[in-house]
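2 protein chains.
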Amino acid sequence: MKGKLYLIPLPVGGADYRDVIPGNVIRITLGLRHFLAEDIRSARRYLRSVSRDFPIDGSIFYKISDIDDDKQLAGYLQPAMEGHDTGLLSEAGMPCILDPGEKIVLKAHSLGIKVVPLTGPSSVFLALAASGLNGENFRVHGYLPVQAPDLKRKISEIENRSMSGEAQVFIETPFRNQRLSGFLLDTCRPGTMLCIAADITMESEEITTKTISEWKKNPPQINKRQVIYILQAGQK
Amino acid sequence: MKGKLYLIPLPVGGADYRDVIPGNVIRITLGLRHFLAEDIRSARRYLRSVSRDFPIDGSIFYKISDIDDDKQLAGYLQPAMEGHDTGLLSEAGMPCILDPGEKIVLKAHSLGIKVVPLTGPSSVFLALAASGLNGENFRVHGYLPVQAPDLKRKISEIENRSMSGEAQVFIETPFRNQRLSGFLLDTCRPGTMLCIAADITMESEEITTKTISEWKKNPPQINKRQVIYILQAGQK
Numbered sequence: 017m018k019g020k021l022y023l024i025p026l027p028v029g030g031a032d033y034r035d036v037i038p039g040n041v042i043r044i045t046l047g048l049r050h051f052l053a054e055d056i057r058s059a060r061r062y063l064r065s066v067s068r069d070f071p072i073d074g075s076i077f078y079k080i081s082d083i084d085d086d087k088q089l090a091g092y093l094q095p096a097m098e099g100h101d102t103g104l105l106s107e108a109g110m111p112c113i114l115d116p117g118e119k120i121v122l123k124a125h126s127l128g129i130k131v132v133p134l135t136g137p138s139s140v141f142l143a144l145a146a147s148g149l150n151g152e153n154f155r156v157h158g159y160l161p162v163q164a165p166d167l168k169r170k171i172s173e174i175e176n177r178s179m180s181g182e183a184q185v186f187i188e189t190p191f192r193n194q195r196l197s198g199f200l201l202d203t204c205r206p207g208t209m210l211c212i213a214a215d216i217t218m219e220s221e222e223i224t225t226k227t228i229s230e231w232k233k234n235p236p237q238i239n240k241r242q243v244i245y246i247l248q249a250g251q252k
Numbered sequence: 017m018k019g020k021l022y023l024i025p026l027p028v029g030g031a032d033y034r035d036v037i038p039g040n041v042i043r044i045t046l047g048l049r050h051f052l053a054e055d056i057r058s059a060r061r062y063l064r065s066v067s068r069d070f071p072i073d074g075s076i077f078y079k080i081s082d083i084d085d086d087k088q089l090a091g092y093l094q095p096a097m098e099g100h101d102t103g104l105l106s107e108a109g110m111p112c113i114l115d116p117g118e119k120i121v122l123k124a125h126s127l128g129i130k131v132v133p134l135t136g137p138s139s140v141f142l143a144l145a146a147s148g149l150n151g152e153n154f155r156v157h158g159y160l161p162v163q164a165p166d167l168k169r170k171i172s173e174i175e176n177r178s179m180s181g182e183a184q185v186f187i188e189t190p191f192r193n194q195r196l197s198g199f200l201l202d203t204c205r206p207g208t209m210l211c212i213a214a215d216i217t218m219e220s221e222e223i224t225t226k227t228i229s230e231w232k233k234n235p236p237q238i239n240k241r242q243v244i245y246i247l248q249a250g251q252k
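Order-wise, the sequence lines are chains A and B.
Everything in the first sequence is counted per the working numbering, starting at 17 for the first residue and increasing by one.
Everything in the second sequence is counted per the working numbering, starting at 17 for the first residue and increasing by one.
It is possible that some hints are incorrect.
No distinction is drawn between identical chains; accordingly, a pair holds when it is met within one copy or between any pair of copies.
As the list claims (entries may be wrong) - Listed below are the simulated EDC-like cross-link pairs for lysine to aspartate or glutamate, each with C-alpha atoms no more than 20 Å apart in a straight line: (1) Lys123 - Asp69; (2) Lys119 - Asp69; (3) Lys123 - Glu54; (4) Lys79 - Asp215; (5) Lys18 - Glu219.
Derived by calculation from the structure, the hints in this document are not laboratory data.
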């Protein structure tokens with residue numbers, strides 16, 4: 017019988033694992049001895065942090081990347097093909113959601129390996145739930161373009177789409193957050209709603225939804241923080 | 017000082033809460049005495065199921081709906097304005113994600129009440145992670161139209177959009193799943209990828225991604241099950 021491929025979520029930004037990982041997910045994770053991870057050191061560190069007795073040396077870790085070819089993907093899944101349950105670990109949050117892993121999962125489907133997603137934090141979903149914006153019709157864009165003219169064009173395009181009431185979700189790397197928020201305040205209409213969700217699940221978590229004109233009176237301070245942006249110009 | 021509005025996720029379809037709800041989320045939930053819920057009976061049942069000693073009679077429950085007016089919304093948040101932490105409970109999964117609650121959350125933002133999303137299961141996100149399809153660019157549509165011509169048109173429109181590699185996520189009520197899957201198999205191109213994620217987090221969970229032509233050889237059996245659909249025609 018083939019092993020399963022478990023998708024293992026990890027806490028985000030140093031949050032306490034008991035705040036965001038269910039007890040039985042920890043139990044399943046600690047029962048595994050085969051792991052696929054973006055960064056093996058942090059995977060080991062996590063396992064040690066939830067159980068000091070975890071047999072790190074009796075476990076096998078494979079380093080994955082998002083540019084793996086078909087042969088590598090098949091290699092990662094060889095233990096599962098041989099009957100070993102295998103854990104795919106994210107670096108933070110849910111694997112495959114704005115995070116690597118989807119190629120391995122798709123390969124698992126094609127090999128008839130059962131894929132089991134385990135519950136844990138997903139910053140995008142938590143931010144959307146806490147935004148008060150449209151949680152039934154929404155679109156996630158990942159990163160927006162970096163170059164100023166492309167970025168401005170994309171922001172306007174996204175804002176126009178959201179006139180229908182569809183929430184538009186995107187992210188930025190921490191060191192460019194202050195820049196992106198400036199572009200948003202400059203480019204968008206005064207009445208457009210903008211949620212800035214910073215440091216989701218962390219001590220410093222701060223989630224605020226208000227109009228562009230309200231933000232302008234009191235611009236966000238999000239330099240080097242983890243931020244999810246949600247924009248919505250119209251009502252559904 | 018104002019109380020906080022906690023967004024409290026619940027297990028889906030009778031899943032064991034220890035599989036999907038972190039220990040500290042249970043702890044926070046049991047510390048509350050003010051609750052907003054779509055269905056008060058099931059909210060009470062849940063609280064009892066995680067702690068037999070929970071003081072149901074010493075707690076206050078407000079029934080919410082998705083058509084509440086501004087005055088009702090302000091009323092729900094009165095306890096928080098007076099300093100009481102308040103829990104907004106979903107019926108299943110995350111509040112506000114394909115579930116009521118977003119109007120209350122938006123009102124909370126306008127009143128300066130801190131909104132705190134707690135980690136728990138979100139079927140849509142778990143399905144997407146386990147689909148192997150695009151977890152960086154995706155669009156969630158909620159329910160598709162019911163009438164046959166509108167439904168066919170919408171499916172084609174969604175499939176065409178996904179030629180760019182953007183994953184398209186939608187849902188259907190359980191008793192119409194078999195019908196919708198028939199329309200999908202009839203309408204879509206043979207090479208389009210379709211993930212059918214049934215009974216997420218439950219014992220009977222089954223998540224399968226394959227092409228329309230593969231599905232046709234072995235059509236899904238999803239009558240009366242909880243299903244998330246994810247369609248993707250092209251690669252990102």
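How the hints compare with the structure:
1. For a Cα distance limit of 20 Å, the shortest separation of Lys123 from Asp69 qualifies neither inside one copy, at 33 Å, nor across copies, at 47 Å.
2. Within a single copy, Lys119 and Asp69 get their C-alpha atoms no closer than 32 Å, and across copies no closer than 46 Å, so neither meets the 20 Å cut-off.
3. Taking identical chains as interchangeable, the C-alpha atoms of Lys123 and Glu54 lie at most 20 Å apart only when both belong to the same chain, with a minimum of 17 Å there against 40 Å between chains.
4. With identical chains, the CA atoms of Lys79 and Asp215 are never at most 20 Å apart, being 27 Å at best within one copy and 31 Å at best between copies.
5. Taking identical chains as interchangeable, the C-alpha atoms of Lys18 and Glu219 lie at most 20 Å apart only when they sit on different chains, with a minimum of 18 Å there against 41 Å within one chain.
Consistency note: the structure conflicts with the earlier hints numbered 1, 2 and 4.
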